Amino acid sequence: MAESKLKLNGTEVEFAPGETLLQVAERNGVDIPTLCYLKDCTPTGACRMCVVEVKGARTLVASCAMPAGNGMEVQTDTEKVRTARRLAVELLLSSGHHNCLVCEANGECKLQALAYEYGVDAVRFSPPAETYPIEDDNPLITRDFSKCILCGRCVQACNEVQVNRAIGFGYRGAEAKIVTTGDRPYDQSDCVFCGQCVQACPVGALTEKKAKGKGRSWETKKVRTTCPYCGVGCQLWLHVKDNQIIKVTAVEDAQPNRGRLCVKGRFGYDFIHSPERLTTPLIKENGEFREASWDEALDLVAERFMEIKKEHGPDSIAGVSCARSTNEDSYNMQKLFRAVIGTNNIDHCART
Amino acid sequence: MTNSFADFDKAKMFFIIGSNMTEAHPVAATFVKNAVNNGAKMILVDPRRTALAEFATMHLPLKVGSDIALLNGLMHVLIKEDLYDKEYVKSCTVGFEELKAAVENYPPERAEEISGIPAETIVEVARLMAANKPAMLMYTLGITEHTCGVNNVMSCANFQMLLGNVGFECGGVNPLRGQNNVQGACDMGALPNVYPGYQKVTDPDAKAKFEKAWGVELDDKLGMMMPAMFDGLGDGKVKGMYIFGENVANTEPDITHVEHCMEHAEFIVCNDIFHTETTRFADVVLPATAWSEDDGTFTNSERRVNRVRKAVEAPGDAKPNWWIFKEIAKRMGQEWESNSGQEIWDNEVSMLAPSMTGIKFSRIEGDGLQWPVPDLDHLGTPFLHKDGCFTCGLGNFKPAEWTPPAEVPDEEYPLVLSTGRRLYHYHTRTQTGRSGGLNELLGEETADISLADAKKLGIANGERVRLSSRRGSIELTAKVTPEVQEGMVWMAFHFREACANWLTNGVYDPVSQTAEYKACAVKLEKVA
Ligand code: SF4
Ligand code: SF4
Ligand code: SF4
Ligand code: FES
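Top line first, the protein sequences correspond to chains S and D.
Every letter in the first sequence is one number past the one before it in the working numbering, and letter 208, counting from 1, is 208.
To convert, take the position in the second sequence, counting from 1, and add 352; that gives the working numbering.
Because the hints were derived from the structure by calculation, they are not lab data.
Some clues are possibly wrong.
[Stated by the list, open to error] Examples of chain D residues lying across from chain S (beta carbon under 10 angstroms, computed):
| # | residue |
| --- | --- |
| 1 | ALA403 |
| 2 | LEU793 |
| 3 | GLU796 |
| 4 | VAL859 |
This structure is a prediction, so every number in the text was calculated from the model and none was measured.
Think of the CB as a built atom: it goes at the ideal place given N, C-alpha and C, for glycine as much as any other residue.
Please take these sequences and the hints and turn them into a complete structure.
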């Protein structure tokens, strides 16, 4: 049987059949920078950030696309490798209009982080004169192709992860661009606004429109929670600044959604900040609601329930619980009905 | 669900029935699509040609309400052609003879007559299912929201047991829950027949256990289910009602009737985060904290108990729902100790519900746990009935006869109305309608009709139409679409003015009391 071993920066490590060099490195705690690589998708090898030196190979190889082979000797951080990566970053930076100062992705942009890490101190090539106009004809996603590095992650997110098949590569050469069918704006295409492409974009080319100007990544705190909509129970990060949720992203690698969200989970969060929220107890008098204190309202509820119970028995009171609230809320409501009011008349909308 | 979402993209065969997953459970659908891209086969059974049909090996556009006939027809073929899993049936199930006798009466030709699916197709699907094992069966409200909902569910289980598909990874019977915490609300005993953890209120031991834990005497009589509660308001049996977070005036079938009942109430309390069509009927409205303003847990369709966390402060004087209930209990003479989501879960729920004993907040900081979790070292249960050994003994075949919907088309109301959800909205839009952007993506409800009916009635796409049933009439925009079959109108219940529930029929499954949202008779006219 063939051995499955290779040398990674001088240390012998084992690998499983089918593993790429990037995966072997990751598993062994060796960091290789990537830009275009999207987990669980077919590697495109487009950005050349993940290059490594393999003994005997004529050129540097893209570790995200290269299957591990027996007896390979791999170096992940040589001077040659670093130079190549620096050049890749320089080329990408000069291919578009990357003005980090005003970019929504500042602080979260992988290209920016790599430029810093690889000491790219000046842009060697001037950016192209012509750029595509910014598209924000839809309410949720801003597309700014002057920042696109054509890594293809959005295309993979749409086609391989969500399988919505709304976008792909279009045009050629300097005109190359990510397009919907017929190069239409998102809101006139097959796009269903799951926002998976936004989450996948490593730069500021795709950003959440609703989050614009609401806070920089380093000013926000991230709170993990569960989506309030359907029964899948996707895991979300709430990005919070100044007591406001400013954006939502998926928790990568978490069960059950493994980094995926739909349009409601990703963009349906701001109802909690609506000015229409109820903020004080209300009591109806002569057909109109008036504001009341908690004590007054709670006393009234307790008193009326006790009266009804005394006069007509506990079974003359019924409760509809909420299938959207927490388990703990539901538990306390059924306890109120069973232990306090004294009836099993408790049900909920399980059937809708 | 017997199984997990983690099985979806590994599965090799799917049987999806009455589930518009791409719109109602979008992320679950992505895993199914991944599996299909990796070579999995999928049979999609749905009256509508939903987006998932593009990925289906075969789409069976059955007539609304004919599921049992189709499933019985499939089982007929499996038995006739000796394609069922004999070993599994022998060692893991009881009641096969009864099933055999019942499905005997559903040869493919009869199933075709009722369901509209050609007999050859039924034979082909049966063979395909027998040849590809295990298969995951998924269903949603298209199965349960019928007067024969319970029998529909039983037929799905019969089918999977006959194929020997229950008790394995990538198999099982998998209902997807509509709302985020339907599973949890059931688990917590917000049901008239069970305490938390499905312990029956009629069971003296369970009663004694909860009496001891709560320090009170409890009633062992079954409570009312929702339809009986509303009817009770109407006829004076029910005087007071507590409505927690539900917009029943839009979500229940036959809105006119529901509102009429609520008008008769002596006293109604609502906890909510917004005024709704339902809070109009309240005597007291209590402002509650919303999702992300309090700590607690939700339980998803695969029985996974996950954390929900407080991220922001609630506006004004809004208070957690659990606190509101506790304060009312206090004013009615009971002091409850637990004073946070965590205390309620750790000190009460997990102590009282045996299937959740091993779940504590400290253990579910990350990905949560799937119950049953019998002890603190247990890692959770990704799929039930391991290797066909049913946790409650042998799997019981319960054959079901097909019955038509309570109201079928006639001369006056010649079309069938079926209802469901749309991608961009959720329920009565109390949340999505107030989330920036979603209304712009979908701003109104439409009556979705077939090209054939549109032609017959002289209705063009985008024209205003009047849709009426015996219970009401609404005006809305027509959407002419190849998704819908002839003789059928489809719409959702997200928008008040054009809510399907002005029309739906307030008839219920006799056991589950689930309403027949999926079928009633309507007529469609062009608005001059
Ligand atoms: S939002 Fe979703 S559907 Fe639309 S292009 Fe992006 S990934 Fe595709
Ligand atoms: S839009 Fe973003 S993800 Fe898509 S190709 Fe451009 S840089 Fe990559
Ligand atoms: S993100 Fe979408 S699929 Fe996931 S739980 Fe929320 S509503 Fe369901
Ligand atoms: S990450 Fe490997 S080529 Fe881009």
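Verification of the supplied hints:
1. With 10 angstroms as the threshold, the beta carbon of D/ALA403 comes within range of chain S, its nearest partner Cβ sitting at about 9 angstroms, so the hint holds.
2. A distance limit of 10 angstroms between C-beta atoms decides the matter here; for D/LEU793 the minimum to chain S is near 6 angstroms, and the interface restraint holds.
3. With a cut of 10 angstroms, the hint placing D/GLU796 at the interface with chain S is violated, because the nearest CB-to-CB distance is about 16 angstroms.
4. At its closest, the beta carbon of D/VAL859 sits 13 angstroms from a beta carbon of chain S; the interface hint therefore is violated under the 10 angstroms criterion.
In the structure shown, a violation is registered for the earlier hints numbered 3, 4, in ascending order.
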